[in-house]
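Participant: Dock chain B against the given chain W, drawing on the hints supplied.
Number of protein chains: 2
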Amino acid sequence: MNNFTFCNPTKLIFGKGTIAKIAREIPAGAKIMMTYGGGSIRRNGVYDQVTEALKGREVVEFGGIEPNPQYETLVKAVERARAEGVDYLLAVGGGSVIDGTKFIATALKYAGDPWDFMLDPSKAVEAVPLATVLTLPATGSEMNNGAVISRREFDEKLAFHNPQGYPQFSVLDPEVCYSLPERQIVNGIVDSFAHTLEQYLTFDTQAMVMDRWAEGLLQTLIELGPKLVERHDRYDEVANFMLTATMALNGFIAMGVPQDWATHMIGHELTALHGLDHAVTLAIVYPGMMRVMRREKFDKLVQYAERVWGVTGTPEEKAEAAIEKTDAFFRSLGMKTRLSEHGIGQETIDFIVDRFRKRGWNLGETGQVTPERVAEILRERM
Amino acid sequence: MNNFTFCNPTKLIFGKGTIAKIAREIPAGAKIMMTYGGGSIRRNGVYDQVTEALKGREVVEFGGIEPNPQYETLVKAVERARAEGVDYLLAVGGGSVIDGTKFIATALKYAGDPWDFMLDPSKAVEAVPLATVLTLPATGSEMNNGAVISRREFDEKLAFHNPQGYPQFSVLDPEVCYSLPERQIVNGIVDSFAHTLEQYLTFDTQAMVMDRWAEGLLQTLIELGPKLVERHDRYDEVANFMLTATMALNGFIAMGVPQDWATHMIGHELTALHGLDHAVTLAIVYPGMMRVMRREKFDKLVQYAERVWGVTGTPEEKAEAAIEKTDAFFRSLGMKTRLSEHGIGQETIDFIVDRFRKRGWNLGETGQVTPERVAEILRERM
Numbered sequence: 001m002n003n004f005t006f007c008n009p010t011k012l013i014f015g016k017g018t019i020a021k022i023a024r025e026i027p028a029g030a031k032i033m034m035t036y037g038g039g040s041i042r043r044n045g046v047y048d049q050v051t052e053a054l055k056g057r058e059v060v061e062f063g064g065i066e067p068n069p070q071y072e073t074l075v076k077a078v079e080r081a082r083a084e085g086v087d088y089l090l091a092v093g094g095g096s097v098i099d100g101t102k103f104i105a106t107a108l109k110y111a112g113d114p115w116d117f118m119l120d121p122s123k124a125v126e127a128v129p130l131a132t133v134l135t136l137p138a139t140g141s142e143m144n145n146g147a148v149i150s151r152r153e154f155d156e157k158l159a160f161h162n163p164q165g166y167p168q169f170s171v172l173d174p175e176v177c178y179s180l181p182e183r184q185i186v187n188g189i190v191d192s193f194a195h196t197l198e199q200y201l202t203f204d205t206q207a208m209v210m211d212r213w214a215e216g217l218l219q220t221l222i223e224l225g226p227k228l229v230e231r232h233d234r235y236d237e238v239a240n241f242m243l244t245a246t247m248a249l250n251g252f253i254a255m256g257v258p259q260d261w262a263t264h265m266i267g268h269e270l271t272a273l274h275g276l277d278h279a280v281t282l283a284i285v286y287p288g289m290m291r292v293m294r295r296e297k298f299d300k301l302v303q304y305a306e307r308v309w310g311v312t313g314t315p316e317e318k319a320e321a322a323i324e325k326t327d328a329f330f331r332s333l334g335m336k337t338r339l340s341e342h343g344i345g346q347e348t349i350d351f352i353v354d355r356f357r358k359r360g361w362n363l364g365e366t367g368q369v370t371p372e373r374v375a376e377i378l379r380e381r382m
Numbered sequence: 001m002n003n004f005t006f007c008n009p010t011k012l013i014f015g016k017g018t019i020a021k022i023a024r025e026i027p028a029g030a031k032i033m034m035t036y037g038g039g040s041i042r043r044n045g046v047y048d049q050v051t052e053a054l055k056g057r058e059v060v061e062f063g064g065i066e067p068n069p070q071y072e073t074l075v076k077a078v079e080r081a082r083a084e085g086v087d088y089l090l091a092v093g094g095g096s097v098i099d100g101t102k103f104i105a106t107a108l109k110y111a112g113d114p115w116d117f118m119l120d121p122s123k124a125v126e127a128v129p130l131a132t133v134l135t136l137p138a139t140g141s142e143m144n145n146g147a148v149i150s151r152r153e154f155d156e157k158l159a160f161h162n163p164q165g166y167p168q169f170s171v172l173d174p175e176v177c178y179s180l181p182e183r184q185i186v187n188g189i190v191d192s193f194a195h196t197l198e199q200y201l202t203f204d205t206q207a208m209v210m211d212r213w214a215e216g217l218l219q220t221l222i223e224l225g226p227k228l229v230e231r232h233d234r235y236d237e238v239a240n241f242m243l244t245a246t247m248a249l250n251g252f253i254a255m256g257v258p259q260d261w262a263t264h265m266i267g268h269e270l271t272a273l274h275g276l277d278h279a280v281t282l283a284i285v286y287p288g289m290m291r292v293m294r295r296e297k298f299d300k301l302v303q304y305a306e307r308v309w310g311v312t313g314t315p316e317e318k319a320e321a322a323i324e325k326t327d328a329f330f331r332s333l334g335m336k337t338r339l340s341e342h343g344i345g346q347e348t349i350d351f352i353v354d355r356f357r358k359r360g361w362n363l364g365e366t367g368q369v370t371p372e373r374v375a376e377i378l379r380e381r382m
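Chains as they are written, first to last, in the working numbering: chain W, 1 to 382; chain B, 1 to 382.
Some hints here could point you the wrong way.
One copy or any two copies: either way a pair holds, since identical chains are not told apart in the list.
Heads up, simulated DSS-like pairs for lysine-lysine below, C-alpha to C-alpha not over 30 Å straight-line [unchecked claim]: (1) Lys21 <-> Lys123; (2) Lys123 <-> Lys11; (3) Lys76 <-> Lys318; (4) Lys11 <-> Lys109; (5) Lys358 <-> Lys31; (6) Lys76 <-> Lys336; (7) Lys11 <-> Lys21; (8) Lys325 <-> Lys76; (9) Lys227 <-> Lys336; (10) Lys227 <-> Lys325; (11) Lys55 <-> Lys318; (12) Lys76 <-> Lys227; (13) Lys318 <-> Lys123; (14) Lys227 <-> Lys55.
To be clear, the hints were calculated from the coordinates, so they are not data collected in a lab.
Here chain W stands alone, though its shape is the one from the complex:
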């Protein structure tokens, strides 16, 4: 097992009717900016619950943060928050709203051009306190310090972490998920599954507890997936899904293990260039990553096949079955997992590979996912 440091100070407030508890968690006298997205919270009652809970508090609203939150939108929020003297941010939404709010929180404490800390995340060190009311289980952003921000004018989608960027608290009320469109539920399942794989499917470091916990999350998602596609208004099923999505990216399964994230980096390009949903890009890329990096990931592929999918046979058969079952699982949820199904061809592959070459990126847990292998992975998924 590798040496590690772990600390996650976010307070989780989980369950039915918990939105009512937010006021007592936010310091009296705080000037709050409530951030949200396209307005679904007005239709599903969450907006009313939050404003009811914050009655009598000083609140500024900033709506309209889009999926794959855009730099151009967020800098307007920063300007507005500065003008209003905001000193506490409350993100009400899914991963995009929360990620965008982490950007706002960081930018408010950053003197220069905020794009600086996107290009050099080591510059992101301070943040205005933030908290979240989660409406969409998927990214895990409600209990970590990372965020992914897009900038349209450059076709860029980049990630940063801020040590001060953990939400102070996050409210997870599973009932708010009942009204989500099925597409977002499916995206959340695939996203959580891929997050777990990025921290699990690497090389063996004898991290027995982390392996078991990652496998537990994968098993839970496999068990829940078909049920949630059928309907997502049964409390315990939605609650377990919501908790799984949070646990898949809050550091709890990352202690002492190597991490991959190459699939995410490739996926971000597909979103930046073609506007595909983040989770769709992961469902496309992951089976290709497994196939092309089969030798490097072989031991873990076999373990994953055995323990998560209950596959028997020779190690080679197990590794092959692991790849096929992963693709089949994503497809069973209704995902189109081939580039051609999205009208994407060789031109895009060439563009991405060229961009990675220019950036000098060699990705993955051992830096072996070179631009040439990225080309191979994407060709495999045509």
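Facilitator: Using the frame of chain W, we list chain B on its own:
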């Protein structure tokens, strides 16, 4: 799944050579009291590593905290810390030293007689900041806010929690465990196993993630047990054991689930009356708890048999096998799991049952472990 609130702010610093990092974690200018036990840290080099790391800092030492830390000893530490103006506590030891240090930290901020908050733990609300260097994986005290304290003159052993009692950081260097006596390793395995069962073997609340994670800890302990009994100086095995013991009682497997703890409460009595090691009492009581509460715990007993032990057969056969395998596992580690093997008889049972009656205690996840059932459980383990 039940509603819950989760927050664990302790920073884990895990791995080889990490004791050297403690100085940067403790505020400059702090007046530190370093607490420890019977002196094993002087023999195994930990004392030297800690004092080397704290060179140039103001440090007062308080050694001699005994296993099952005693009120009489701890009040002396409180007196000393007050006299010296101590404002930071560093516990270097196992669960007893850490628990004792939580008592000291709480007492230093408590105006009245400290036994007050042992009898009414709701009075424990403030604490001097504390941190730990763990030398013995077992109790999980390094990453939670609970402590168990004994008072000889009353033959009492009581628990309390303090919301401010989480260590600010805990250093876990697996190499410090190499010199532990085998008995303490075995105790740690059983203790961690029992902690996990207390949060898992209750009634089904559809907490899928928590079930998987608890099962993962149990599987890890079952896999590691025989290896660690053979020898405990192989890094990865000891590291996984150390991490498992911490994860077994830091709230990570307690989200949204009912908890039992009746076995612990009965076990504390056996320690208070006969001086048995804490883990030995758990190994004695748990199989009896499973047998007597078999109906109430039936669904989880069956799941535990299937998933953790890989048992097949009818549900009744699985439940029976679960009980037998648990007892056999403890015995395979060298534990004596019968009261008679420790020279304990009916008189002790009568005393404990009478005491629980006087306290009005009905224990367990549903309050169904009445004094009469405690009698039944202990008779079962004669």
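Participant: If the cutoff is 30 Å on CA atoms, where do lysine 227 and lysine 55 land: within, between, both or neither? Let me know, please.
Facilitator: neither (38 Å within a copy, 59 Å between copies)
Participant: Between lysine 318 and lysine 123, at a C-alpha cutoff of 30 Å, which is it: within one copy, between copies, both, or neither?
Facilitator: neither (44 Å within a copy, 57 Å between copies)
Participant: When no copy is specified for lysine 227 and lysine 336, does a C-alpha distance of 30 Å or less occur within a copy, between copies, both, or neither?
Facilitator: within (19 Å within a copy, 46 Å between copies)
Participant: At most 30 Å between alpha carbons: which applies to lysine 76 and lysine 227, within, between, both or neither?
Facilitator: So lysine 76 and lysine 227 fail the 30 Å test inside a copy (41 Å) and across (59 Å) alike.
Participant: Measure nothing new, just compare the shortest in-copy and cross-copy C-alpha distances for lysine 76 and lysine 336 to 30 Å and report within, between, both or neither.
Facilitator: Answer is neither: 35 Å inside a copy and 69 Å across each miss the 30 Å cutoff.
Participant: Treating 30 Å as the Cα threshold, decide for lysine 21 and lysine 123: within, between, both or neither.
Facilitator: For lysine 21 and lysine 123, only the inter-copy Cα distance (24 Å) is at most 30 Å; the intra-copy one is 34 Å.
Participant: Within a copy, between copies, both or neither: which one fits lysine 227 and lysine 325 at a CA-CA cutoff of 30 Å?
Facilitator: within (18 Å within a copy, 34 Å between copies)
Participant: Should lysine 11 paired with lysine 21 be assigned to within, between, both, or neither, using CA atoms and 30 Å as the limit?
Facilitator: Both, since 12 Å and 26 Å are each at most 30 Å.
Participant: Is it within a copy, between copies, both, or neither that the alpha carbon of lysine 358 lies no farther than 30 Å from that of lysine 31?
Facilitator: Neither, since 44 Å and 53 Å both go past 30 Å.
Participant: Treating 30 Å as the Cα threshold, decide for lysine 76 and lysine 318: within, between, both or neither.
Facilitator: neither (51 Å within a copy, 62 Å between copies)
Participant: Using 30 Å as the alpha-carbon threshold, which applies to lysine 123 and lysine 11: within, between, both, or neither?
Facilitator: both (26 Å within a copy, 23 Å between copies)
Participant: Check lysine 11 against lysine 109 for me: Cα-Cα at most 30 Å, and say if that holds within a copy, between copies, both or neither.
Facilitator: This pair counts as both: shortest intra-copy Cα distance 23 Å, inter-copy 25 Å.
In summary, the numbered hints that this structure violates are 3, 5, 6, 8, 11, 12, 13, 14.
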